[in-house]
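Undergrad: As you go down the protein sequences, you meet chains A and B in turn. Per our numbering, residue 1 is the first one in the first sequence, and the count goes up by one each step. Per our numbering, residue 1 is the first one in the second sequence, and the count goes up by one each step.
It is worth saying that the hints were derived from the structure and are not from the lab. It is possible that part of the hints are untrue.
To be verified - Dumping the calculated DSBU-like pairs for lysine-lysine here, alpha-carbon to alpha-carbon at most 35 Å: (1) A:Lys66 x B:Lys19; (2) A:Lys10 x B:Lys19; (3) B:Lys133 x A:Lys34; (4) B:Lys22 x A:Lys66; (5) B:Lys19 x A:Lys34; (6) A:Lys111 x B:Lys128.
Stated by the list, open to error - FRET-style restraints, in silico, Cβ to Cβ: (7) A:Asp227 x B:Gly127: 39 to 49 Å; (8) A:Lys7 x B:Gln41: 40 to 50 Å; (9) A:Arg43 x B:Arg35: 38 to 48 Å; (10) A:Arg43 x B:Thr113: 32 to 42 Å; (11) A:Thr85 x B:Thr38: 14 to 24 Å; (12) A:Thr148 x B:Ser30: 41 to 51 Å; (13) A:Asp112 x B:Glu8: 30 to 40 Å; (14) B:Thr38 x A:Thr231: 41 to 51 Å; (15) A:Phe347 x B:Gln41: 43 to 53 Å; (16) B:Lys7 x A:Asp112: 29 to 39 Å; (17) A:Ala135 x B:Glu131: 22 to 32 Å; (18) B:Gln41 x A:Met341: 30 to 40 Å.
Stated by the list, open to error - What the simulated footprint calls covered on chain A by chain B, stretch by stretch (three residues with Cβ under 8 Å from a Cβ of chain B suffice, anywhere in the stretch; the number is not a length): (19) 51-58; (20) 85-97; (21) 107-120; (22) 185-193; (23) 202-215; (24) 234-246; (25) 318-330.
Where is the CB? At the ideal position from N, CA and C, for every residue including glycine.
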Amino acid sequence: MSYVAIKGGKAAIDGAAAAAEFLRGDDDSGEPLKLSAIEYQLRLLTSRVVSEGGVYHPRLAALAIKQFQGDTLEAAFALRAYRSTKPRLLATPVQDSANMRCIRRISAAFKDIPGGQMIGPCYDYALRLLRLDLANENPEAFQAVARTFLAALPEADLPDSFPKVLDALRSEGLLPPVAESLGEPFDITREPLVFPVPRSAALATMARAETGSLLAMAYSNMRGYGDVHPTVAELRVGYIPVMAPHPVTGEPMEAGEVLVTECEVVAMYESGKTGSLPTFTLGYGACFGHNEVKAVSMAILDRSLQKGMRDGPGNPSEDPEFVLLHVDGVDSMGFASHYKMPHYVTFQSDMDRLRTTQGKARVADQAPHMEVKA
Amino acid sequence: MIDIPRKEWAAALSALPAKEVKAAAESFASSCGVRDVTLPQSGLGLFTLRDGAFHEAFHLGEVPVARAHVVLRTPDGHESSGGAVIIDDRATIARAIAVIDGALAGRLPGWETAAALVERGYSARAGKLAERKHILASTRVDFSLLGQADEEDGDE
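From just these sequences and the hints, can you work out the full model?
TA: What follows is the structure, given as structure tokens:
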């Protein structure tokens, strides 16, 4: 692959940036977007960027969305670039999502789950009809939304966290045992993926994968190129308190909290190891922010990759190399985008070869044909 | 007295406007000597989560982290250590929280102001937690009411 220098490039590049800024500002309202508006009013967009960028920094994700005018791939790229400039100060102790302060918690497996089902903020049961009243929403009505919602509710007597649905299934002996200690989890930001990779590498890779890519791979499994047939045992969205050692006492202290979406699926049962009873198989998905399609897709792929790692892949979604090397948004966007860059030398070479080949073909066509006598 | 455990002081203070926290820390710094045990830093922390299926640890991603560790020394020579680790990218806030943490832990002169600040932050944080519980309470659903007569109606 070759590239050539372009004369006058700097002026054009500066002009391109100015033109993009012009289009951003070509807005009758004259009001620049506030980061808080992006962070809260476009919270699901922000969620995509924090998870695909791999850094839980909603405010910077909002900034990146503003800067790249809504392009989630570029915004995630900018967040990754930001993270590459920062030192790593610590790795948290292993956090437990059972401590999640839920805002949503559902199960498709059981009608009754300990603690109850709360569908939380979602559009699962909403009509997909445009709300035309939002087109000209007045600030007073907008500000009244939160006040009205909170005022209408009685004091909620609920626990801070809820038990996991899988724990109940496991206590009945319907699930495989939990993993024994497997050592340090794989750090995809420091180590390249060299296959075979441990499951921790697969989970980390999928946790910061591009939502659409994960969905496409998982959808292939759902549609027939696979046999996971998942049931969502539990899907929860909420804030996990981040515990870290206190610099003075060394005791765990709450450093803050992180919004996470988590999904656990139960799939077709399989025979256990020799002498043990069959149990359901499991898949797990989680990501920063509120992104349910991503968590469900990841859980399906976790399950399909477990099978592929154990028995060899029977379809694309069971192939760790195929899945894990093609779901990263920054990688794939970069490869696709590089085709827009000048490839003049490469293409000139292609044209030269084609002309030569065509020339040879013409010569061959014009040559007298040999007659073969019987 | 303060009933809130030390492990929650930083989270409580983080719920308050940064300006207030910094002002309180500066007030302690003006009456005590503050020495950094380690330089206040901001950067990233690797967020490690236990997967809910097999309880394997993996890295979900990174979080911004700021941390500080200080020692406060009163004019009469009394010393107290303070520290903070917060999910934030501002080292100055971490240092301010560390100063308040040290003042409160050591009951240094004026600690009552720090205690009041922590309590106010704790209350603000409790308000946010209550809002989330309101979200849950208002969306509680009882699927067991479905399909009593025609079981699994609508289920796949």
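Undergrad: Compare the structure with each hint and give your call.
TA: We went through each hint and held it up to the structure:
1. Straight-line distance between C-alpha atoms of Lys66 of chain A and Lys19 of chain B comes to about 26 Å, which keeps the hinted pair within the 35 Å bound.
2. Our distance criterion of 35 Å between C-alpha atoms is broken by Lys10 of chain A and Lys19 of chain B, whose separation comes to about 42 Å.
3. Using a Cα cut-off of 35 Å, the hinted pair Lys133 of chain B and Lys34 of chain A holds, with the two alpha carbons roughly 28 Å apart.
4. This hinted pair checks out: Lys22 of chain B and Lys66 of chain A have alpha carbons roughly 29 Å apart, not beyond 35 Å.
5. At roughly 21 Å between alpha-carbon atoms, Lys19 of chain B and Lys34 of chain A fall within 35 Å of each other, so this suggested pair holds.
6. In summary, the hint linking Lys111 of chain A to Lys128 of chain B is supported, as the alpha carbons are separated by about 29 Å, within the 35 Å threshold.
7. Between Asp227 of chain A and Gly127 of chain B, the C-beta spacing of about 48 Å keeps the proposed range 39 to 49 Å intact.
8. The hinted range of 40 to 50 Å is satisfied by Lys7 of chain A and Gln41 of chain B, whose Cβ atoms lie roughly 46 Å apart.
9. The supplied range of 38 to 48 Å is met by Arg43 of chain A and Arg35 of chain B, whose beta-carbon atoms lie about 42 Å from each other.
10. A hinted range of 32 to 42 Å holds for the C-beta pair Arg43 of chain A and Thr113 of chain B, which are about 36 Å apart.
11. Between Thr85 of chain A and Thr38 of chain B the Cβ separation comes to about 21 Å, which falls inside the hinted range of 14 to 24 Å.
12. Remark: the range hint 41 to 51 Å for Thr148 of chain A to Ser30 of chain B is upheld by a beta-carbon distance near 45 Å.
13. For Asp112 of chain A and Glu8 of chain B, the hinted distance range of 30 to 40 Å is satisfied, since their beta carbons lie about 33 Å from each other.
14. Roughly 49 Å separates the CB atoms of Thr38 of chain B and Thr231 of chain A, a value that falls within the hinted 41 to 51 Å.
15. Distance hint for Phe347 of chain A and Gln41 of chain B: a CB-CB separation of about 49 Å, consistent with the stated range 43 to 53 Å.
16. Checking the proposed 29 to 39 Å range against Lys7 of chain B and Asp112 of chain A shows it holds: the Cβ atoms sit about 35 Å from each other.
17. Between Ala135 of chain A and Glu131 of chain B the C-beta distance comes to about 28 Å, which sits within the given range of 22 to 32 Å.
18. Under the hint 30 to 40 Å, the C-beta atoms of Gln41 of chain B and Met341 of chain A, about 38 Å apart, fit the expected range.
19. Coverage of a stretch by a chain is defined here by at least three residues with a beta carbon nearer than 8 Å to that chain's beta carbons; for the segment 51-58 of chain A and chain B the count is 5, and the condition holds.
20. Chain B is given as covering the segment 85-97 of chain A, and this holds because 12 residues of the stretch bring a CB closer than 8 Å to a CB of that chain, at least three being needed.
21. Using a Cβ-Cβ cut-off of 8 Å, 7 residues of the segment 107-120 of chain A lie near chain B, which meets the minimum of three, so the contact claim holds.
22. Check result for the segment 185-193 of chain A against chain B: holds, 5 residues qualifying (beta carbon to beta carbon below 8 Å, three or more required).
23. Under a criterion of three residues with beta carbons nearer than 8 Å to beta carbons of chain B, the stated coverage of the segment 202-215 of chain A is upheld, 4 such residues being counted.
24. By the rule of at least three residues with a Cβ nearer than 8 Å to a Cβ of chain B, the coverage given for the segment 234-246 of chain A holds, with 9 such residues.
25. Chain B is given as covering the segment 318-330 of chain A, and this is violated because 0 residues of the stretch bring a CB closer than 8 Å to a CB of that chain, at least three being needed.
In this structure, the earlier hints numbered 2 and 25 are contradicted, and the remaining ones agree with it.
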